[in-house]
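Chemist: Listed in order, the protein sequences are those of chains A and B.
All letters in the first sequence, in the order written, are residues 1 to 440 by this note's numbering.
All letters in the second sequence, in the order written, are residues 441 to 701 by this note's numbering.
Keep in mind that the hints were calculated from the coordinates and are not lab data.
It is possible that some hints are incorrect.
Said to hold, decoys possible - Listed below are the simulated DSSO-like cross-link pairs for lysine-lysine, each with C-alpha atoms no more than 27 Å apart in a straight line: (1) B:K548 to A:K322; (2) B:K662 to B:K682; (3) B:K552 to A:K84; (4) A:K437 to A:K84; (5) A:K437 to B:K625.
All of these numbers come straight from a predicted model, not from anything done at the bench.
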Amino acid sequence: MKVSFRGGVHPAHHSKRPTQHLPVEAFVSDTVRIIMSMHIGAPSTPCVKKGDLVKVGQVIGEPVGALGIPVHASVSGEVIAVEKIPYLGAQPVECVTIRNDFADTWVELNPLGNVESVDPALIVPAIKNAGICGMGGASFPTHIKLSPREGQQCETILVNGAECETHLTADHRLMLENSDRIVDGVRAAMRAVNAKEGIIAIEDNKPDAIKAMIKACHGRENVRVQVMRTKYPQGGEKQLIEACTGKQVPSGKLPLDVGVVVLNVGTCAAIADAVIDGKPLIERITTVTGGVRNPANLLLRIGTITEDVIGHCGGFAVTPGKVCFGGAMTGLCLPNISIPMAKSTNGIVVYSEEEAASVEEDACIRCGKCVSVCPIGLNPFEIKLAADKDDMEKAKSLNVMDCVLCGCCSFECPARRWLTASFKMAKQKIAAQAKAKGGK
Amino acid sequence: MTILYAALCLGALGLVFGLVLTFASKKFHVEVDERVEQVKACTGQANCGACGYAGCEAFAQAVVEGKAKPNGCAPAGAEGARKIGEIMGVAVETGERNVARVLCNGVKGVAKETSRYDGYRSCVVAADIAGGPKACRFSCIGLGDCMDHCAFNAISMVDGVAHINADLCTACGACVNACPRSVIKLMPISQKVIVRCRNSDMARVARESCMRACIGCGRCKKECKYDAIVVENGFARIDPEKCTRCGECAKVCPCNCITVE
């Protein structure tokens, strides 16, 4: 039975075509720039200085705070700079630049062995030490997800192989080419939190991946594949939980409150690497597509510079208007192409000038399409009116804080109103107000 | 004849209702302190909220009840505060009038732009996308969040930087709160010599991002005979108490980031 959630849209399926049949190839560049805040939470502190020689997998950023995870060198070579660089957010971030000596000398690794026989208590610390954070986009530290609080019990590990975003095929290729690793990772996560069940959820537009994963799950304890109808934002955490388990995560609560932990397929493979081989997270699969000459699925070292990646893919095929990390719906726009990719960069998509141009917004015609596609069940048109008038109290009472910024409303709006952008602004303003109040 | 009846009926009804209303207004009369209305008339009447009350009415009520100070209304200014003091029968201390100043001079062509922003027109949103469209992360973004919040039409956008008309500004502070970059500061109106930059980056980085960035070179500090300038966090700051408004610092600034109004 194919499952799904309420609402949602069907954006540009054809965008996946250029890369979905291309096998993953590795690309290592001569310089990497590794930023210290690839995860949600306090940025790590660089613990190397200019001139140091580092090995692959060496810790170059010490974790800070409860949500902190270490950052590892993804190539061996010499540190040529430790400085602050502008990144995707408002503030510049610390960055360690390493020149690759192409020797690939590794630090000594501490493998834990088979996921079925390892002591479950060792799994979560291994995940933390490997610097693993959510690789689907939100980059939440994985060891926190797998550490239930007092009174919480994780029943289900839900693995997100939906890849509902446009353009991206990184998870698709990973499921095809490395299915056993993913299942190993799921088993490790299940054993770490003593979960009863592991569900790998895949959209029905990837029949080959479904087949490969079913084969990989064969003979493994309590792991199964769940086929879902293709729809965006199927891969959203709360939508996925609703589709697969029928449970709804209450407003302001976390998936663990309903006994579910959602992990991306990439994260699961990274967990398997961390447990079986003791390898930290130093590389990931990234789809490079859109206006480049040779679109590809690349296995990139963390910190590879966008410009090098685009160069490897034959350069721009169009006059670039915008380069984004991630798909068309939730991708983040880069200020320039010297920005390095991070642990959560699942795609680098180039848009031409025409594609990137914004459209003037028109008046709302009260058609209600935004309401029918909202996966959360909000009234986007009404929130937009409040947000435009800067009436944050009203926006809050219309539950703007539950908005997941999926962009379905903006995609569907015939008047091309900038709904999602205004909700993002409202969420920021409300969070800033709450912070200011709490600070006093 | 019919028309006469109708007129009589309506007239009688009107008379009865009139009498009832007159009686009700006498009987259920609520004692309102007339000073509330008078105080309200002296305020800025813009409901800007700078006083911390829900609106001008609430502020006037608070003044009459003695909860708020007569000089609590920024838009009313010294004159308004004096009038309110007269109504309340108290002496009012009024300092110098404040005015909001934009501490950024990075107009088009001077401040380097890293990208073209054509998204949602709000500085708050633009500031959060890759550090904003301008290379300088201390700059005025120029999309006009402050302008939208100004109840007195004192702000306009000139060449991508907010410009505040000091004559119209009442120092209510709405723009100061609206700015995501904190580029706007309230200053005494007589402070005519202003360092229009607060870039605390290293001089090289600051200079790369804007031709009028303060690089913290300290030339102004050396030039100042009154010891009124301090260079902190990489940019100069003028102490209004010590400054004599001579404007010598502006003449020597290599980056033209000190202006004299």
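Chemist: Check the hint pairing B:K548 with A:K322 against an upper bound of 27 Å on the C-alpha distance.
Modeler: Holds, because 22 Å separates the two Cα atoms, which is no more than 27 Å.
Chemist: Given the hint that A:K437 pairs with A:K84, test it: the Cα-Cα distance must not exceed 27 Å.
Modeler: Judged against 27 Å, a Cα distance of about 30 Å means the pair is violated.
Chemist: Under the criterion that the straight-line Cα-Cα distance not exceed 27 Å, is the pair B:K662, B:K682 satisfied?
Modeler: Holds, at about 15 Å.
Chemist: A:K437 and B:K625: Cα distance at most 27 Å?
Modeler: Judged against 27 Å, a Cα distance of about 21 Å means the pair holds.
Chemist: Is B:K552 within 27 Å of A:K84, Cα to Cα?
Modeler: holds (18 Å)
When the structure is compared with the earlier hints, a violation turns up for hint 4 alone.
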